Each structure stands twice: as C-alpha cells, then as structure tokens.
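Start from the sequences, fold in the hints, and give me the full structure.
Take 133 as the starting number for the sequence shown in this note's numbering and just add one per residue.
Bear in mind the hints are in silico, worked out from the structure with no lab data behind them.
Note that this is a predicted model, so its numbers are computed, not measured.
You may find that some hints are simply not true.
Unchecked claim - Derived DSBU-like pairs: lysine-lysine, alpha-carbon spacing no greater than 35 Å straight-line:
#, residue 1, residue 2
1, K292, K347
2, K244, K347
3, K292, K243
4, K347, K243
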Amino acid sequence: MGYVFFIYLCPRLEREIDNQNRFNRDYSHLKCYILVWRLRKINYQKVIEKMKKLFLVAAFAMVSAFASAQFAVGVHTLYGTDVANLGIGVRARYDINDQFRADGNFNYYFKKNGLEFWDINANLHYLFNITDRFAAYPLGGLGYVNASRSYDFPEYIGGKLVTTRRTDTDGRLGVNLGGGVDFQLTDDLYLNGEVKYQIASGYNQAVMSAGIVYKF
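Shown next, in the form of structure tokens:
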C-alpha cells in the first residue's frame, strides 16, 4: 500500500516542484522588468542638477570655513649675509589656532656678480601676543636654497680661443631657526619684521626681512 501511494505521489511532487521553479523564474523576470521600468522613469537631468547643488553647497561651506580661518598674504624685502645682497619675497600664512601659525615664503635675491639665488621655506610660528597690536614669535622650519652662478669660460673651438657663457646650479635642503614680530596697523594690515638663520650646507647665512602682511 505504501509503495503504491509513493508511486502515486511522486509525479504530483515533481509537478509541484516544477511549478515552483517556474514561478521563481517568472518572479525573477518580473523583478528585473520592474527595475528596468523604474530606471527608465528616473529623470537623470534632475539628479545631475541636485548633484550640482550639493557640490555648490559643499564648496561654499569649504570656502566659508577657509575664509574664517585667518589666512594672510604678504610681501617683504630681505638681506642675506652669505649672498651679501638684497632681495624680495612673498609669503602666505595660515593660523592653525591661537598659538600656532604656518608660514610659507619664497625669496629671490637680485643677481650680483653672476650669482643668482632663491629659496623657498615652510616654517612654524609660536605666537606670543604681548599687546592687542603687538605679537612676537619664534620660528623653526625647513627650506630649500638654489644658487646659480654664471661665468665666462675660455676654450679652444676649431683651433681658436673663444669664450663661452656657462652656468653652474646647486640646490640644498636646510633648516631655519629664528624669530619675528608683527605690529597691527589696521584690522587687516600688519607690519612684519623677521630674523632667521638659514642652515644649508655651503650656504649658511643670516637673513633679515621687513614687510607688510594682509590678513583676510
């Protein structure tokens, strides 16, 4: 009896399983159709416009944060004892907090006796606010100095003595140690004076500078 029942039941089970598999396949296809239909309904232009607005909001927030974070730029004149010459420079500052300030500057010394000299520096200041308008700071940082010397070099070319112009260039990494002062003229404008010693192999020198700084 059990065997006969099993023979009777097997075909029905197979049909049920086959129907279930067919239903699963049809349901999967239906989900794909629904997904494609929804994707076709999306207005991609509106999505792009929303992304643009989000980008503009994020950019505005970044600019506002940057503007509120005491950024300053300045110009100055300077004198280097090793190059024994005057130069000009530009700087940018960023107030990390009330005590620490990052300072980057580029200096170019006027060409003298065939020597051309420039340097770029990244320093950290620690501020002492002595009065409401006067502040002093020690500084330390790194720098890169570059020196180029041009000279006339006599040589024989084709049996004739001629003079050619040659240029030798050398660059060194170094360390900066020193200090400076700021005096506030207006809410945004400052006088700045600075003295530092530049330690770079073959190019050690004291550098004195004076200039103005505008704070945003």
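Hint check:
1. K292 - K347: violated, 61 Å
2. K244 - K347: holds, 34 Å
3. K292 - K243: This hinted pair holds, its Cα atoms lying about 31 Å apart.
4. K347 - K243: holds, 31 Å
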